[in-house]
Amino acid sequence: MLKINGLHVNYGPINALKGISIDIAEGKITAIIGANGSGKSTMLSAISGLIIPDQGEIYYKDTPIQTKPVEERVKRGIAHVMEGRRLFKDQSVHDNLLLGFYFRNSKENKKNMLKQITEVYERFPILGQKKHQLAGTLSGGQQQLLIISMAILSKPRLLLLDEPSLGLAPIVVDQVYQYLDELKAMGVTIIVSEQMAALAMRIADFGYVLERGKIVGKGDVQYLKSMMDSDEMSAVYFGEAKV
Amino acid sequence: MSSLEFALELIFTGLCVGAVYSLIAHGFNITFWTTKVVNFGHGPFIMFCSMLVLSFLLNGLPWIVSIPLGFFIIILLGFILERFSIRPLLKYPTSMGWIVSTLGVGLFLQALASKIWGAQALAFPPFIFKATDYVSIFGIQLSAQYLLVLVMALVIMLIMEVIINKTIWGKAMKAVAHDPNFARVMGIKSKMVMTLSFMISALLAGVAGILIAPIYGTITPEFGMNIMVLGFVASVLGGIGSSKGALFGGLMLGVIEKLVGGYISTSAEHGVAFLILIIILALKPDGIFGVKVVQKV
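Protein chains in written order, with UniProt numbering: chain Y, 1 to 243; chain S, 1 to 297.
Where hints are given, some of them may not hold.
Calculated pairs, DSSO-like style, for lysine-lysine (alpha carbon to alpha carbon, straight line, at most 30 Å) [unchecked claim]: (1) S/LYS115 with S/LYS191; (2) Y/LYS214 with Y/LYS184; (3) S/LYS91 with Y/LYS131; (4) S/LYS189 with Y/LYS130; (5) Y/LYS61 with Y/LYS130; (6) Y/LYS155 with S/LYS174; (7) Y/LYS111 with S/LYS189; (8) Y/LYS131 with Y/LYS68; (9) Y/LYS61 with Y/LYS89; (10) Y/LYS107 with S/LYS191; (11) Y/LYS218 with Y/LYS184; (12) Y/LYS89 with S/LYS115; (13) S/LYS130 with Y/LYS89; (14) Y/LYS3 with S/LYS191; (15) S/LYS166 with Y/LYS89; (16) Y/LYS68 with S/LYS191; (17) Y/LYS155 with S/LYS166; (18) Y/LYS61 with S/LYS174.
One-sided excerpt, in silico: chain S residues whose CB lies under 7 Å from chain Y [what the hints assert, rightly or not]: (19) ALA175; (20) HIS178; (21) ASN181; (22) PHE182; (23) ARG184; (24) GLY187; (25) LEU196; (26) ILE200.
Calculated from the structure, these hints are not laboratory results.
Predicted model, so just to flag it, every value in this text is computed and none were measured.
In this text, a Cβ means the ideal position worked out from N, Cα and C, and glycines have one as well.
Let the hints inform the model, and build the full structure from the sequences given.
This is how it looks when you write it as structure tokens:
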């Protein structure tokens, strides 16, 4: 589904990603685990096109996309839920969903726009109740549900989620993760970045551990769980990995 | 003329001139929304469009051809302005280079107009109505030309409001203003929306020029810059970025100006208007309708 070879991203003198290579299987949930500043967000932004890498290739469905603009990647089915609950906070919940839908769907699909938005309200009734409210006035959890709903309305084949649990109450995190499981069952490939490794492990099939722009561990959930219990993993979080 | 009639006539004239200030403030708002840039080239755009239309008229073209042609050229200039003097600077959000670049483009257009049409004032013919056409409402004689300006400015602003608040493209414009990167991952072509906003803003400048030039009677290469300052004041007074603010800021400024002109002195019009502006801003620094983003924290 997605293959990255030797990806380098530099912010001026800072090397944010130092030759990352990953392979994402179709229909699976892949976790990217790492501490703050390890390069998780940079990696997801390079996949969605917000950042153009300095070096390396990104293949999506066997086509190189590393130089394609964001809008082109969106059309190909890549949806990016950015870190920090990004929303159009000065517009209503309903308008956010309209914007989430309109520019990423074909003309044919647009005929059913309101029906599909109504389905979101049925899935998350709280969003339906607050549809005329400004998105910025929703609680953190409601905002996250809205953001993910906006991403889903584009019918993505590859969904990138950057720390979806950040700052959310455990009960809301459960709701978000349950929804991701449902999406996986619908055949969506998901890459989720998390600082909280234990959370990601709950739903992921495979994972990569990132530290200071390098991959320092990869494997299936069992392997990562065993790694988590070891000193090695805790060292990753304190920035002293010896891999 | 009774003192009441005199006051009402001043208020009416003020509303008409103010409607054009509102239109200019609207033009400022549109580019401010998408790029957070205040286009100081807006005034010379107003002048350049009216100069172009006048020059087409003088060359024998009819109004019906001259106006669309003028609008087309000014929209094209709006496109060029965004592409070459705004977009390169947006890569550096902290850069204040846009002040210099927009002002630079404005001054260039002003110099170009002087070169082509000369620095002297040129007579601008009345549009649709003659300067002597009057309409009588409640016993007050209202200039038909002024009335036309008021009605057209209000209609254009109403259309803009509907486009921005009711259409998906308007919502996309607001989305780009709020967070261009997030808008991009939502599939909105942020850069195209920015370019489009400069083209629409240029068109509004052109419309303002065509509406106000017959009222002024003559136009000079400097006329746009002078009127732009008043449009900018209207914008700040109402609260930059706010549509309601642009409308009320403009109308208020126009009425204050004309009342001062009528009761004190025409030479004090701008001075007193600015004094009132300073007082209002001291009390409401964000402007009367200053946009405040509601956000739960």
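Inset, instruction - Kindly indicate which numbered hints from before are broken by the structure, ordering the numbers from low to high. - result: The structure breaks hints 1, 3, 5, 8, 9, 12, 13, 18, 25, 26; every other hint is satisfied.
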